[in-house]
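Given chain A's structure and the hints, the job is docking chain B onto it.
These protein sequences, in sequence, are chains A and B. All letters in the first sequence, in the order written, are residues 114 to 481 by the working numbering. All letters in the second sequence, in the order written, are residues 114 to 481 by the working numbering.
Hints are computed from structural coordinates only; laboratory data are not their basis. These numbers were taken from a predicted model, which means no experiment stands behind them. Be aware that one or more of the hints could be misleading.
Which copy is meant is left open, because identical chains are indistinguishable; a pair holds if it fits in one copy or across any two.
[What the hints assert, rightly or not] Cross-link-like lysine-lysine pairs, in silico, BS3-like; alpha carbons within 30 angstroms at most:
id : residue 1 : residue 2
1  : K359      : K408
2  : K322      : K312
3  : K312      : K182
Here is how the chains run, residue by residue.
There are 2 protein chains.
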Amino acid sequence: MNGNALNLVNQTLVLPGALPLDGGQSLPRVEVAYETIGTLNADKSNVILLFHALTMDQHVVSTHPRTGKPGWWSKSVGPGKVIDTDRYYVICANVLGGCMGSTGPASLADDGKPWGMRFPVITIRDMVRAQVALLDAMGIAQLHAVIGGSMGGMQALSFAANWPQRTRAVLVIASTARHSAQNIAFHEVGRQAIMADPKWQDGDYPAGKGPDDGLAVARMAAHITYLSEAGLTEKFGRRLQDRVEKTFGFDADFQVESYLRHQGLSFTDRFDANSYLYITRAMDYFDLAEEHGGKLAEAFAGAKARFCLISFDTDWLYPTTESRIIAHALNAAGAPVSFVELSAPFGHDSFLLDVPAQDRVIAGFLNQ
Amino acid sequence: MNGNALNLVNQTLVLPGALPLDGGQSLPRVEVAYETIGTLNADKSNVILLFHALTMDQHVVSTHPRTGKPGWWSKSVGPGKVIDTDRYYVICANVLGGCMGSTGPASLADDGKPWGMRFPVITIRDMVRAQVALLDAMGIAQLHAVIGGSMGGMQALSFAANWPQRTRAVLVIASTARHSAQNIAFHEVGRQAIMADPKWQDGDYPAGKGPDDGLAVARMAAHITYLSEAGLTEKFGRRLQDRVEKTFGFDADFQVESYLRHQGLSFTDRFDANSYLYITRAMDYFDLAEEHGGKLAEAFAGAKARFCLISFDTDWLYPTTESRIIAHALNAAGAPVSFVELSAPFGHDSFLLDVPAQDRVIAGFLNQ
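Only chain A is shown next, with the shape it has when bound in the complex (with noise of 0.2 angstroms):
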């Protein structure tokens, strides 16, 4: 036990050999930049992988670099936290395809210049594959956890079913197995929203001169799927942006407009364009059955871990329906699951904000 010490570090690692791709080509040179929470162990038994969702980072519980915030999930990790870094050692690594360290379209190819569209397309096994890389790199062989939620849970579940000796046990929090036409289309609407926007340039444009105004528009329409109609209601309702009448203008009268368009402006300081049209390229690859003879079932045959599946009520992104269709083949394959529906009024984002029953469930599970 080390006490309140959070006992922080991020570093990149330089994976030892290429890294072979899906897609069938393989990358030559590949950095996971990482951050790691707590102390490992001596027999190195303590660890918790967690995988993080399309736009954030492995800034999990350090001060974000550019936007100097806290970490995503600071409030959920740390000495005497709900995933308490006294007992667990927690690594959380940027995604392969990322943009905020861990080799992306924007890092160099061999030729000294940034890989842009050249870059391969990936998918979530490929993400997954790096950061197993990192693990061997650092010599763990069997993880406490993985844990992740919304993109970082089809991270998980892809490590469940494609290295299911090294870990113990799967959670995995509004999430999926595959993502639907509907998750396709909103994304498609993003990514053309990025490639229709001239500076994109076919993907070369000069670092911090990308296309801001479509990758805005993208996160714009990502954002409202992240939330509920209720609690946009509640949060928002027809109120009006400091000002007590309309104004007969196409300005941002009201608050849920001032608020998307802050949200989208401020993406564009912390995100790559090109980032974003690979991470949500990948989401849309992701079918866990397909990968296994149409069968979800199967991808998880030898399964040895615990499973948990939380799901949000008011999440349309991924509803339960979602969960409930993981849950149902991780009992055909005879794995051990329990599988919640939480209230929360938060919509698809309550994963990461303040739902205490979550907190209860993740550390239930957890400290088994």
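For chain B alone, kept in the frame of chain A given last:
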């Protein structure tokens, strides 16, 4: 009775005077382009005014001059059809702010140049006011019915609230008495996509050289909201487009991507980007209760008509709860109202598609 003669006429009326607007301005010269189907009877008592939705127009039955496709409700309007033009004289006018002949931002202002963004911001009530002026010019004192779906339903509600003496029946399909925060949010994404397109040029683009890329993205985002998740899954699922394997690229691998791109592109051939800005703004401003002291029942205090409301169980844009709010307000106002939620798999767009139960409700209501 006219036998099976369609008796279809398209014409444009210049309103005799200036049109006052809710924003406080008035429009000096307003043209209203409209289609009539059927024959006006001697005492002008057989008139149905049909209000069109956001991206529709007056071409209810006639072939669309830009797309060459059949009119948007030719399935339901015509001799012997659900809205029987052997019996009724149907009028449908392009809305104020539109781009199919009625005055809108692409029309020429007094200086001989297009209005562009100098066009005043209009409301749903302004749209209705222009159509009431059309009825005045035609000498039609009272309608057999007003009918509208989606934004057409907003116009029907506004008509009933503001000109209660002028119709004997009001039919509102898949609509709402106010735009929710989520509704506004989706429209704002579309507007930002248009305004982010450099070709928009603050609205001063040459005819035919507008912000097509931005408008296509706006249409794509909106189009998702017109369909149900289940409908999208049934229609497309994760099926690939003309290929047997994923390409590991950014082509439209999935059918749903290809479909959405087509929806976006084809829309730009028939719709003006500035019109899209103005009409979506009018919808976002719509809040019938707000116009009447915050109480929706007050809006219907003078209502003389019979009302019928139809919602669809898979419509998540204007879900059944919105129609229920209207029904409660009508009940509170003592107006006769029948309200039915129909089951149909197509989401919001159900009102335009083949739903036999809807036909029965409409015919039953009109022919009482």
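Practice item. Give me the numbers of the hints this structure contradicts, sorted from smallest to largest. Key: none
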